[in-house]
Amino acid sequence: MIHGTRPFVRRLLLPAMGLFLAACAGLPEVQPVDIPRLEQEVATSPDDTDLQVQLGMAQFKGGELEAARATLRGAVDAGNESGAAYLYLGLVEEELEDWSAARDAYNRYLDVGESSPARDEVRKRLTLIGRNLLRAQARQALAQEQEITETGAVAPQSIAVLPMAFFASDPELEPLIYALSDMMITDFKVSNALVVLERAQIQTLLDEMQLTSAGYAEAETGARAGRLLRAEHVFQGALTSLGQQELQTAADVLNVQRAASIGELTESALLEQLFDMEKQIVIRTIREVLGVELTPAEEQRILENRMDNVLAFLAYGRGLRELDDGNYEAAQAEFDLALSLDPGGMQSMSIASTELIALSDAAGTTTTDLAGIASATGETGAGFFAPPPANTTEDFSSIGIAGEQPVGAGSTADDQQAATLGGVLTTLTSLTEGVFPTATLSELGVGSAQQSQNPTPTESQPANRDPVQEVAGDSGIAEAQARIRIVIQRPGGEQ
Amino acid sequence: MTGRVAASFAFLFALAQPAAAQYAIGVGADYLGYTFDDGLGADAAQLFMVPVAVRLPVADRLTFDVFGAWAEGRVEQDNSVLKLNGPVDASIKASYQATPWALVSVGVNLPTGNSEHDSEEALVASVLSADLLGFREATWGTGFAVTSSVATAVSAGGFGLGVAAAYAARSEFSPVAGDDLTYKPGNEARVRVGIDRNFGSSTLTVGGTFISYAQDQADSQNLFQAGNRIRLDAAFAFRAGSGVWTIYGANLMRQNGDLTVQILDSGGSVVDTGEIQTAKQNLFVGGLMGTVGLGGGFVFRPHVDVKLQAREEADGNEVGSGYLIAAGGDIPIRIAGAELFPKARVYFGSIKNVAQDDVSMLGVELKGTLRTSF
Chain A
1 MIHGTRPFVR RLLLPAMGLF LAACAGLPEV QPVDIPRLEQ EVATSPDDTD LQVQLGMAQF
61 KGGELEAARA TLRGAVDAGN ESGAAYLYLG LVEEELEDWS AARDAYNRYL DVGESSPARD
121 EVRKRLTLIG RNLLRAQARQ ALAQEQEITE TGAVAPQSIA VLPMAFFASD PELEPLIYAL
181 SDMMITDFKV SNALVVLERA QIQTLLDEMQ LTSAGYAEAE TGARAGRLLR AEHVFQGALT
241 SLGQQELQTA ADVLNVQRAA SIGELTESAL LEQLFDMEKQ IVIRTIREVL GVELTPAEEQ
301 RILENRMDNV LAFLAYGRGL RELDDGNYEA AQAEFDLALS LDPGGMQSMS IASTELIALS
361 DAAGTTTTDL AGIASATGET GAGFFAPPPA NTTEDFSSIG IAGEQPVGAG STADDQQAAT
421 LGGVLTTLTS LTEGVFPTAT LSELGVGSAQ QSQNPTPTES QPANRDPVQE VAGDSGIAEA
481 QARIRIVIQR PGGEQ
Chain B
1 MTGRVAASFA FLFALAQPAA AQYAIGVGAD YLGYTFDDGL GADAAQLFMV PVAVRLPVAD
61 RLTFDVFGAW AEGRVEQDNS VLKLNGPVDA SIKASYQATP WALVSVGVNL PTGNSEHDSE
121 EALVASVLSA DLLGFREATW GTGFAVTSSV ATAVSAGGFG LGVAAAYAAR SEFSPVAGDD
181 LTYKPGNEAR VRVGIDRNFG SSTLTVGGTF ISYAQDQADS QNLFQAGNRI RLDAAFAFRA
241 GSGVWTIYGA NLMRQNGDLT VQILDSGGSV VDTGEIQTAK QNLFVGGLMG TVGLGGGFVF
301 RPHVDVKLQA REEADGNEVG SGYLIAAGGD IPIRIAGAEL FPKARVYFGS IKNVAQDDVS
361 MLGVELKGTL RTSF
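Protein chains in written order, with the working numbering: chain A, 1 to 495; chain B, 1 to 374.
Because the hints were derived from the structure by calculation, they are not lab data. It is possible that part of the hints are untrue.
The following label-pair restraints were derived from C-beta to C-beta distances [claimed, not checked]:
#	chain 1	residue 1	chain 2	residue 2	range
1	A	GLN144	B	ASP60	50 to 58 Å
2	A	GLY79	B	PRO302	24 to 32 Å
3	B	LEU62	A	PRO343	27 to 35 Å
4	B	ASP358	A	ILE262	49 to 57 Å
5	A	PRO156	B	GLY337	24 to 32 Å
6	B	VAL154	A	GLN144	53 to 61 Å
7	B	ASP60	A	ARG258	37 to 45 Å
8	A	GLY326	B	VAL154	53 to 61 Å
9	A	ALA260	B	TYR167	34 to 42 Å
10	A	ALA155	B	THR372	54 to 62 Å
11	A	ILE262	B	PHE300	50 to 58 Å
Reference excerpt, derived from the structure (chain B facing chain A, CB under 7 Å, subset only) [as the list claims (entries may be wrong)]:
#	residue
12	THR99
13	SER105
14	THR147
15	ALA151
16	GLY162
17	GLU172
18	SER174
19	ASN187
20	ARG190
21	VAL244
22	LYS280
23	LEU288
24	THR291
25	GLY295
26	VAL299
27	PRO302
Partner residues aside, some chain B positions facing chain A, computed with beta carbon under 10 Å [as the list claims (entries may be wrong)]:
#	residue
28	VAL58
29	ALA59
30	ASP60
31	GLY86
32	SER95
33	ALA168
34	ASP196
35	PHE224
36	GLY316
Each residue gets a CB set at the ideal place from its N, CA and C atoms; glycine is no exception.
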């Protein structure tokens, strides 16, 4: 893939760009050798925050990270709003592994930074930082487990979907649990009545808990993970093979605070009907266990979120596993295979693929590289190109940073497309009920499933004509008529 | 473009493999009763019904719906209670997803119901047939019939657009107990055009249906030409919190019908025929239904609606016109793998009598439905 060569190309281009742009405006480039001079100038002009930023840059390049952090934070606190200040503060915080502070500084840089290439790199970097932040949060949660358990606070209506445990003779099928987990999370998120935790957040915690996949289905694991994630509910289960072709999903939904199951579901299906089984589990969990109704549009989007090819789904699952393990090239190869088997893919696959590219690029770029890009493209030092205005409207939903994505539906263009494209089934059902009402709807359609299958309420459907009463005039109750035969005898009659 | 194609594939796959491929059985106990102030042809009317419904997805794209019920209707009139009871017609409907864009249905109405009514039963049927009251059963039996329909739809510009047509061929039956009169309702054709669109989590559905009938015949003689019907409807389903709400409205216009009457001489021979125009009618239904959380995993699903009926006889008489407002709801309860839907609603409204006076009425609906899937 092209992106795999990007760091190499960048390393070739950066020196050339730097030389070409060397004489241009911006905060002057500084080196560690400038530190004594800058310290003296800062002491002489303590209100010149640009000098403080330059000092911080030089300290960063000289490896004086703590000093650089203090200097740059001081400049920012004093009101310096330059891109260089926030970029270098982000670089320093990242080197010091303060992922939260790095994220904040980089986010601010996206608002004020003037170098488009640097901002692109920072966006990718934020994906990587998001992963690191999740890991740090997971470790922190584990370290504070006792306190978290005692507090018992949860986010209302939140649910953590754990990957299922895998019990099957064919290990080739194991990646299904990762792909299914990803698909389920996407499906649960369709209902914006639920707060669904990100897969990366959950998987990171499980990895930090050093669990094997077999442990995912244990109630104790679920309750513990739920507490640490501060989720109100935990969805966990097991995927079991029944013979060569059939799979069974046994799911359990835990209420974390009560540490008790609030619903168990079991579905089985042939391998090629895997997606039907997953949809059944998700829809039944949302409705029957969590008590949340789905609009017709929401149910339709859940049903449409599937792949055409189970082999592609398996490849996607392997890709996710490699992604979680940090094997980006292997993950990319699996994603490419999935895409070749099912060119359409599914929504979450394109998100994961975008995230993978960002992670892969970010992992191949050091903080020094990023500082070089900023220098070469005018953020600091030279600045020959007129950079485009900062695009402050971009958010991180497209690159899958945990905690930054809006929960629920309609957050991406693909969502919108899926939402509008799938209206045919609803249309067909509604049309048919309009011309040929199904008598069983009143009994079998009394749940929210009815609304999803046919959004036109039964009450507004046409009643069948009552021919006898209509002939009789059918003012019904007003006159209480009973006969239909009408005989009018001509007065006098003919003999 | 790629995303659209991908979504199309996903949708085709979804249609080819319906997720709701479960057998389902529903059994109900429904009661709807009204009391009327003085001035109408009855003091009270009630219907008690025990419906049984089964859904059988026999193949990936083929589903059968089977329905049967036992019902008893009662009308109180002048301190006497008139009854009509027995099984109603059973029906079987097969729905086949022929292609991703076409749904074909064929159904039969089996004459298992009590269609032959004596004079008291006919009066009960007459009262229960008033559209405004919304009784679910008023005929008990209308003879054998075969109905077929086909619907097709496309997705264009974010809209679902479609058209459907249905044709019902009806056979004759005997409506009067102790009389050999045979009655054949006219065959029926329906055409519907519909459009819908999802807006995020919400769905808007709008449609129009045209219904036309052939002549009804009594003893093989043309008797009645029912007026055409035009129905316009719209529904908007949207999310509010953890609940889903639907607001809907429908308007059914019914044109005048033409009743052919025979003019007999004193010997009973037909010497001429004439036509009498029956009433035209407009019925509007508007309502709101949704979900309110009660805590503990329970929800209350309120349902409020209003019906406005305007009738006009050929002579301008508006007998039968009126309104009805209903409010109530149900609380779904899960019991060991099954779902119970107890529902209660109260009704109040008025209806014009023959003297054009508005007569008040009160009603109550109590309903319990048990449904299970496997």
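Hint by hint, here is what the structure shows:
no.: 1; hint: A/GLN144 x B/ASP60: 50 to 58 Å; result: 51 Å, holds
no.: 2; hint: A/GLY79 x B/PRO302: 24 to 32 Å; result: 56 Å, violated
no.: 3; hint: B/LEU62 x A/PRO343: 27 to 35 Å; result: 30 Å, holds
no.: 4; hint: B/ASP358 x A/ILE262: 49 to 57 Å; result: 52 Å, holds
no.: 5; hint: A/PRO156 x B/GLY337: 24 to 32 Å; result: 28 Å, holds
no.: 6; hint: B/VAL154 x A/GLN144: 53 to 61 Å; result: 56 Å, holds
no.: 7; hint: B/ASP60 x A/ARG258: 37 to 45 Å; result: 40 Å, holds
no.: 8; hint: A/GLY326 x B/VAL154: 53 to 61 Å; result: 46 Å, violated
no.: 9; hint: A/ALA260 x B/TYR167: 34 to 42 Å; result: 55 Å, violated
no.: 10; hint: A/ALA155 x B/THR372: 54 to 62 Å; result: 34 Å, violated
no.: 11; hint: A/ILE262 x B/PHE300: 50 to 58 Å; result: 19 Å, violated
no.: 12; hint: THR99; result: 10 Å, violated
no.: 13; hint: SER105; result: 5 Å, holds
no.: 14; hint: THR147; result: 6 Å, holds
no.: 15; hint: ALA151; result: 4 Å, holds
no.: 16; hint: GLY162; result: 4 Å, holds
no.: 17; hint: GLU172; result: 11 Å, violated
no.: 18; hint: SER174; result: 11 Å, violated
no.: 19; hint: ASN187; result: 11 Å, violated
no.: 20; hint: ARG190; result: 4 Å, holds
no.: 21; hint: VAL244; result: 4 Å, holds
no.: 22; hint: LYS280; result: 12 Å, violated
no.: 23; hint: LEU288; result: 10 Å, violated
no.: 24; hint: THR291; result: 5 Å, holds
no.: 25; hint: GLY295; result: 10 Å, violated
no.: 26; hint: VAL299; result: 6 Å, holds
no.: 27; hint: PRO302; result: 13 Å, violated
no.: 28; hint: VAL58; result: 15 Å, violated
no.: 29; hint: ALA59; result: 13 Å, violated
no.: 30; hint: ASP60; result: 9 Å, holds
no.: 31; hint: GLY86; result: 16 Å, violated
no.: 32; hint: SER95; result: 7 Å, holds
no.: 33; hint: ALA168; result: 8 Å, holds
no.: 34; hint: ASP196; result: 5 Å, holds
no.: 35; hint: PHE224; result: 4 Å, holds
no.: 36; hint: GLY316; result: 14 Å, violated
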